[in-house]
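There are 2 protein chains.
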Amino acid sequence: MSEIITAAMVVIGDEILSGRTKDKNIGHLADMLTAVGIDLREVRVVPDDQEAIVEAVNGLRARNTYVFTTGGIGPTHDDITADAIAAAFGVPCGYEREAYRLLEEHFAKRGIEFSEARKRMARMPEGAAHIANPISVAPGFSIGNVYVMAGVPAIFQAMLDSVIPSLKTGAKLISVAIPSPLPEGTIGGPLGDIQTTHGETIIGSYPKYEDGRFWTEIVIRSRSEEALRAAKKAVEEMLETLLKRN
Amino acid sequence: MSEIITAAMVVIGDEILSGRTKDKNIGHLADMLTAVGIDLREVRVVPDDQEAIVEAVNGLRARNTYVFTTGGIGPTHDDITADAIAAAFGVPCGYEREAYRLLEEHFAKRGIEFSEARKRMARMPEGAAHIANPISVAPGFSIGNVYVMAGVPAIFQAMLDSVIPSLKTGAKLISVAIPSPLPEGTIGGPLGDIQTTHGETIIGSYPKYEDGRFWTEIVIRSRSEEALRAAKKAVEEMLETLLKRN
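Just so you know, the protein sequences line up as chains L and V, in that order. Position one of the first sequence corresponds to residue 1 (full-length UniProt numbering), numbered consecutively onward. Position one of the second sequence corresponds to residue 1 (full-length UniProt numbering), numbered consecutively onward.
In isolation and in its complexed conformation, chain L is listed as follows (with noise of 0.2 Å):
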């Protein structure tokens, strides 16, 4: 059996928190650390709020193989990420040489005042190493366990994209979803039986409410490919014998 990978995910922003953007990271980076094995086993979304991002940060990177974050690595007053990870880290934050270069030379070609502000986005933890941004060239960074990227969602994709190669990665979780047309009420005794005897699996079941009526998806994951077949089967056998009985 390879090594069972986890991560945990931190969304930083108030804006998320208010409504007024709504998040649209938290399901990509399920779907692509599902994709190549590993584990998401927690989300938290924290507020623009150095206190709140240190403590999710700490929290999570002691009892995960990664953590991401999305958010707060602009130019502007609020976005204070990289403090806030330099602060969880216990290292000094300031510019770092090369996102520096990187950034001045960008904005000289363009013709665009290196001001101030966007100066901002070279911090970094001390020790942080870069993750590319294709789109816009501020780099995301790494440092220990913690991987820090754009919130704005066409960024923080190209960013994972980067990163995802770099990344132990586990045995794969496949699954299996099973539509079921009869609701969760019929089917949740005998599938909470499948599931004590085929305990190598992980048994889900979704109530899906559709034009009025019930019915349930029933998806089954493993990391062994012949589990999976088997509970698969003892699932669709019950369902026969349920059908044929209603």
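Bear in mind the hints are in silico, worked out from the structure with no lab data behind them.
No farther apart than 25 Å at their CA atoms in a straight line, the calculated lysine-lysine pairs in the PhoX-like style are these:
| no. | chain 1 | residue 1 | chain 2 | residue 2 |
| --- | --- | --- | --- | --- |
| 1 | L | K172 | L | K232 |
| 2 | V | K232 | V | K244 |
| 3 | L | K232 | L | K208 |
| 4 | V | K24 | L | K24 |
| 5 | V | K244 | L | K109 |
| 6 | V | K24 | L | K208 |
| 7 | V | K22 | L | K24 |
| 8 | L | K119 | V | K208 |
| 9 | L | K172 | L | K24 |
| 10 | V | K208 | V | K232 |
| 11 | L | K244 | L | K233 |
| 12 | L | K119 | L | K109 |
| 13 | L | K244 | V | K119 |
| 14 | L | K232 | V | K22 |
| 15 | V | K22 | L | K208 |
| 16 | V | K244 | V | K208 |
| 17 | V | K244 | L | K119 |
| 18 | V | K208 | V | K24 |
| 19 | V | K109 | L | K244 |
| 20 | L | K208 | L | K244 |
| 21 | V | K24 | L | K22 |
| 22 | L | K22 | V | K232 |
| 23 | L | K208 | L | K233 |
| 24 | V | K233 | V | K244 |
| 25 | L | K22 | V | K172 |
| 26 | L | K24 | V | K208 |
| 27 | L | K22 | L | K208 |
| 28 | L | K208 | V | K119 |
| 29 | V | K208 | V | K233 |
| 30 | V | K208 | L | K109 |
| 31 | V | K24 | V | K172 |
| 32 | V | K22 | L | K172 |
| 33 | L | K22 | V | K208 |
| 34 | V | K22 | V | K208 |
| 35 | L | K22 | V | K22 |
| 36 | V | K119 | V | K109 |
| 37 | L | K208 | V | K109 |
| 38 | L | K24 | L | K208 |
These numbers were taken from a predicted model, which means no experiment stands behind them.
Assemble the complex: chain L is given as a structure, and chain V must be docked to it using the hints.
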């Protein structure tokens, strides 16, 4: 000044963390709470795991006026929210008499077996009060300052509608959005100065990336209309000055 009312949210479900289901409830709760003057301070997404749910709920209920949970109150073996909330409060969990009666009657009317699985939906922590479910009968519940609701968005929204009028609400945080054609790097410095001199407001700046161009949405929030107006004026004058120069 009115009291500041704060809230946290716990989204419960493996299916959100795997990416299979994309959460739609965070944004809706954020919008609803902002509308009635309650500050959503933190959101956590946790798996169907009792220890994780207990830790999140107990951590958050101690420091917020309200905690709202979604997910895990259906009839199947992976629906463990009622037991987890009971464990968080240190009280027993069992069939709640009125919920049991409602469900029994509901299923009897429809000639549907009141199975062991369906009976699970009548389980609540001792001392819990119902949250009505106008869509599929099985109630949510509240205990202490924690409101436990369904994960299916249509049912969550209906339950929340019945909860909101019973909540203490704070002075509404009013906001104004000012679109800036100038990117964050240009406005960042002066905007930080405006934040410093307008302490009764929270000024956020959100980079927007569309069709290869950056622009910025500046959002000013305050509980005071007067403070909001003054900060808005300062931002507009700042933009005017910068636009003349650029």
